[in-house]
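Q: Sequence:
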Amino acid sequence: MAVSYDVLVIGGGPGGYVAAIKASQLGLKSAVVDKANLGGVCLNWGCIPTKALLKNAEIYDHIKHGGEWGITCENLQFDFTKIIERSRAVANKMASGIDFLMKKNKVAVHRGTAKLTAKGKVSVTAEDGKKEDITAKHIVIATGARPRLLPGIEIDGEKIIGSKQAMSMKKRPESMVVIGAGAIGIEFTYFYSVLGTKVTVIEGRDTILPVEDAECSAVVAKSLKQRGVDMITSTFVDKVEKTAKGVKVSYKPAKGGDVKSVEADVCLMAVGVQGNVENLGLEEVGVKVERNHIVVDEHYKTNVEGIYAIGDVIGAPWLAHVASAEGIHCIEAIAGKNPHPIDYSNIPGCTYCQPQIASVGLTEEACKEQKIEYRVGKFPFSASGKAVASGDADGMVKLIFGKKYGEILGAHIVGQEATEMIAEMGLAKSLEATDEDIHHTIHAHPTLSEAMMEAAAKAMGQAIHIPN
2 MAVSYDVLVI GGGPGGYVAA IKASQLGLKS AVVDKANLGG VCLNWGCIPT
52 KALLKNAEIY DHIKHGGEWG ITCENLQFDF TKIIERSRAV ANKMASGIDF
102 LMKKNKVAVH RGTAKLTAKG KVSVTAEDGK KEDITAKHIV IATGARPRLL
152 PGIEIDGEKI IGSKQAMSMK KRPESMVVIG AGAIGIEFTY FYSVLGTKVT
202 VIEGRDTILP VEDAECSAVV AKSLKQRGVD MITSTFVDKV EKTAKGVKVS
252 YKPAKGGDVK SVEADVCLMA VGVQGNVENL GLEEVGVKVE RNHIVVDEHY
302 KTNVEGIYAI GDVIGAPWLA HVASAEGIHC IEAIAGKNPH PIDYSNIPGC
352 TYCQPQIASV GLTEEACKEQ KIEYRVGKFP FSASGKAVAS GDADGMVKLI
402 FGKKYGEILG AHIVGQEATE MIAEMGLAKS LEATDEDIHH TIHAHPTLSE
452 AMMEAAAKAM GQAIHIPN
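Numbering of the sequence shown is given in my numbering, commencing with residue 2 and proceeding in unit increments.
Derived by calculation from the structure, the hints in this document are not laboratory data.
There's no promise every hint is true.
What the hints assert, rightly or not - Below, simulated EDC-like cross-link-like pairs (lysine to aspartate or glutamate); rule was C-alpha separation at most 16 Å, straight line: (1) K243 - D157; (2) K116 - E128; (3) K122 - E133; (4) K405 - E374; (5) K56 - E418; (6) K36 - E128; (7) K261 - D239; (8) K138 - E333; (9) K172 - E86; (10) K379 - E451; (11) K120 - E306; (12) K256 - D239; (13) K261 - E291; (14) K243 - E155; (15) K52 - E421; (16) K165 - E86; (17) K122 - E306; (18) K199 - D266; (19) K379 - E437; (20) K249 - E155; (21) K120 - D7; (22) K171 - E306; (23) K249 - D239; (24) K52 - E418; (25) K246 - E264; (26) K56 - D80; (27) K243 - E133; (28) K116 - D134; (29) K256 - D207; (30) K199 - E175; (31) K52 - D7.
Produce the complete structure using the sequences and hints provided.
A: This is the structure we're talking about:
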């Protein structure tokens with residue numbers, strides 16, 4: 002006899018497990034199905050373990066420059082194997098925490114691969130081949146996404162790798178080509194370049210981190226170039242060939258020109274992701290899929306009654322915090338709570354290299370494209386006492402306000418703690434704060450966050466600590 006639930010979530014990532022917990026909290030009998038550790042790619046092979054690696058690189062880099070602080074360390078070395086082991090230990094610890102949350106919230110966990118067999122029915126196949134039938138009033142698909150590949154290029158896990166292999170290598174490569182300069186590509190570029198790997202980045206767009214404000218992206222690019230990273234932008238990869246020593250990557254300018262090549266020990270593919278929509282039975286039950294992503298409405302309903310989808314499998318933005326928010330909204334809608342649709346114009350984006358870069362809302366380029374009249378206020382961290390005292394004065398806060406009413410349209414931060422600071426601007430935007438509101442909110446001194454108050458003052462022509 003099939004076990005039955007009010008809500009069954011397929012996929013235990015940051016969207017799936019959050020949705021299952023929320024369902025239980027709202028009095029719905031819930032379960033989650035996943036063949037691997039709960040937490041998804043984010044917790045096990047993405048967000049969390051990469052931050053552990055990046056922290057290692059940051060500490061090592063600080064110690065290398067200890068002489069500037071009057072601290073010297075002779076014969077400084079690192080153990081690459083231990084760095085990787087620490088990252089994996091962090092991921093495993095957090096995964097066990099999710100298991101605890103499942104038990105605490107009385108969410109059932111079914112291990113295996115799920116497939117829709119009919120409306121309200123799912124078949125789960127365990128690793129040993131044993132099958133289990135489950136029925137549910139509401140089925141939420143949260144199967145996430147996987148790395149996208151360029152045509153003709155396949156990841157072999159050794160010479161041509163994806164992000165999963167990049168964070169679990171047994172040996173540090175002497176050289177690496179990174180294809181794609183989005184957040185994933187740039188974070189690994191920072192990590193490996195700090196540890197001494199010669200990195201070449203190839204990006205098809207005109208700038209690295211192309212979704213970010215171009216002025217802020219330029220600060221990160223300059224920092225990486227100073228570390229010896231080669232940046233090749235406005236260029237497309239022609240092919241990747243495996244050689245006896247590693248790989249040979251051929252590329253050509255986007256606007257035409259001769260094909261060139263670069264050789265390295267490994268090539269990291271970081272050109273985006275695509276939804277995991279295969280082998281779920283979507284075709285059999287009639288769920289609409291477009292361009293490898295499930296189509297949903299503002300409450301995450303698919304075109305089939307009783308079936309929903311959230312997270313990376315429904316498309317951009319491919320962010321863990323977005324998946325979690327979508328999961329909560331979806332369940333609240335199922336429970337009849339009538340939640341307000343998520344405001345996708347107010348989603349923070351973060352890249353955790355050093356200097357960090359974080360943003361919310363419109364870029365200056367987007368304002369120009371949309372013909373929005375705006376004002377800009379910028380405050381460099383070189384004028385921040387806290388930043389200078391901390392030895393991290395690269396970067397700035399850049400705020401964009403509507404010209405007529407002063408409402409905040411976008412916030413862009415590049416600097417040491419940008420990813421922590423951006424939350425204030427997300428809150429300000431959700432509360433429809435103006436440049437005057439931010440300028441007259443007293444920030445503690447000395448802090449990095451007071452740069453936001455100073456940037457707002459600059460936008461109003463009332464700056465004190467930098468020229469107007």
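Q: Okay, which hints does this one fail, numbers in order?
A: 13, 22, 27, 31
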